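**Q** Here is how the chains run, residue by residue.
2 protein chains.
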Amino acid sequence: MEKVYNTMCERLHEKAYKLTPQRETILQAFVEQGKGHLSAEDVYNLVKAKNPDIGLATVYRTLDLLAEIEILQKMDFGDGRSRYEMSGSEEHHHHHLICLNCHKVAEFDDDLLETLEAVIARKSNFKIIDHDLKFYGLCKECQAQIEK
Amino acid sequence: MEKVYNTMCERLHEKAYKLTPQRETILQAFVEQGKGHLSAEDVYNLVKAKNPDIGLATVYRTLDLLAEIEILQKMDFGDGRSRYEMSGSEEHHHHHLICLNCHKVAEFDDDLLETLEAVIARKSNFKIIDHDLKFYGLCKECQAQIEK
DNA sequence: CATTAATTGACAGGGAGTTTCTGTTAGTCG
DNA sequence: CGACTAACAGAAACTCCCTGTCAATTAATG
Numbered sequence: 000m001e002k003v004y005n006t007m008c009e010r011l012h013e014k015a016y017k018l019t020p021q022r023e024t025i026l027q028a029f030v031e032q033g034k035g036h037l038s039a040e041d042v043y044n045l046v047k048a049k050n051p052d053i054g055l056a057t058v059y060r061t062l063d064l065l066a067e068i069e070i071l072q073k074m075d076f077g078d079g080r081s082r083y084e085m086s087g088s089e090e091h092h093h094h095h096l097i098c099l100n101c102h103k104v105a106e107f108d109d110d111l112l113e114t115l116e117a118v119i120a121r122k123s124n125f126k127i128i129d130h131d132l133k134f135y136g137l138c139k140e141c142q143a144q145i146e147k
Numbered sequence: 000m001e002k003v004y005n006t007m008c009e010r011l012h013e014k015a016y017k018l019t020p021q022r023e024t025i026l027q028a029f030v031e032q033g034k035g036h037l038s039a040e041d042v043y044n045l046v047k048a049k050n051p052d053i054g055l056a057t058v059y060r061t062l063d064l065l066a067e068i069e070i071l072q073k074m075d076f077g078d079g080r081s082r083y084e085m086s087g088s089e090e091h092h093h094h095h096l097i098c099l100n101c102h103k104v105a106e107f108d109d110d111l112l113e114t115l116e117a118v119i120a121r122k123s124n125f126k127i128i129d130h131d132l133k134f135y136g137l138c139k140e141c142q143a144q145i146e147k
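Chains A and B, in that order, are what the protein sequence lines are.
Take the first sequence: its letters are residues 0 to 147, numbered as in numbering that gives the first Met the number 0.
Take the second sequence: its letters are residues 0 to 147, numbered as in numbering that gives the first Met the number 0.
There may be inaccurate statements among the hints.
A pair counts as met if it fits within one copy or between any two copies, since identical chains are not told apart.
To be verified - In the DSS-like style, the derived pairs of lysine-lysine whose C-alpha atoms are separated by at most 25 Å in a straight line are:
1) K47 to K2
2) K17 to K126
3) K34 to K122
4) K47 to K133
5) K103 to K122
6) K122 to K139
Note that these hints are calculated values from the structure, not bench results.
These figures come from a predicted structure and were not determined experimentally.
Based on the sequences and whatever the hints tell you, model everything.
**A** This is how it looks when you write it as structure tokens:
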């Protein structure tokens, strides 16, 4: 049995949200898909295969809801649509490397940013709650391809 | 005479783009407004005061064009609309502190990120071209307000 | 089970841009 | 100084991602 599923049930219950088949199906899509940054439309398509009656609005609403209870993490790669991924079990911040050519997204971990955060907080009187770091460039494949 | 104005003229000329009154007016809006991150609509409103006949599509097109020739810098604070600011004269990277409460945007400079970039490039075989770092949190005023 | 508030699906609506089209104009050349 | 032409402008329709509305349905609790 998947751990996320139980976590979702608990968190839904805490907030008096209901456990519906649609929500299960959508979570399942993320579990099966594993890693990857799915757009609402991606999810819609995956989910339609199992349940053709599901509505697009429900997908959007569910994604927002799952992000709210921190089962998913909502993110923005600047391509005009939101993307979602399963938020890692722990507070394990990672960031993205976005290929400007093929739009593939890779990930990397960070710890270095904590220091920077402290410095900035002090200098600017800003209370930092979250950060978002993205690198844009060319992945290995595209570098090779472009050099040709 | 403003230096940016001349720069714009040169760069337009280089690419065989024309210098139109609309483009002048839009640049002027940024010059007068000084610092600040203007949305297309902000610009549209500022510009309408001087030239009520200007079209919204022209504003969008011009902003993209000015970003292309690097007079402006286009950025995305995740609020669903693009914002633009005059790109500093030099390659002076700065990043943003976004208040989650009042949505004010402050800035800070960075140098620390270069190191991180090098590390990541090596580890991931990714050729990094640009980066984007944002901090979300509470500005001084909102911290005070919320604690009350 | 009965109740009821949350949820769903369908579809209209909204915001931010973008495309298309036709008429206008800036820049160049003679 | 014109005349020519590619770039440009404005208007309006259109696209893309969602978001709101509403009647019908359903999960959870008593």
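**Q** Hint by hint, note whether the structure agrees.
**A** Hints and how they fare:
no., hint, in the structure
1, K47 to K2, "within (24 Å within a copy, 56 Å between copies)"
2, K17 to K126, "neither (35 Å within a copy, 46 Å between copies)"
3, K34 to K122, "between (37 Å within a copy, 20 Å between copies)"
4, K47 to K133, "neither (32 Å within a copy, 35 Å between copies)"
5, K103 to K122, "between (36 Å within a copy, 17 Å between copies)"
6, K122 to K139, "between (38 Å within a copy, 11 Å between copies)"
In summary, the structure is inconsistent with hints 2, 4 from the numbered list given earlier, while agreeing with the others.
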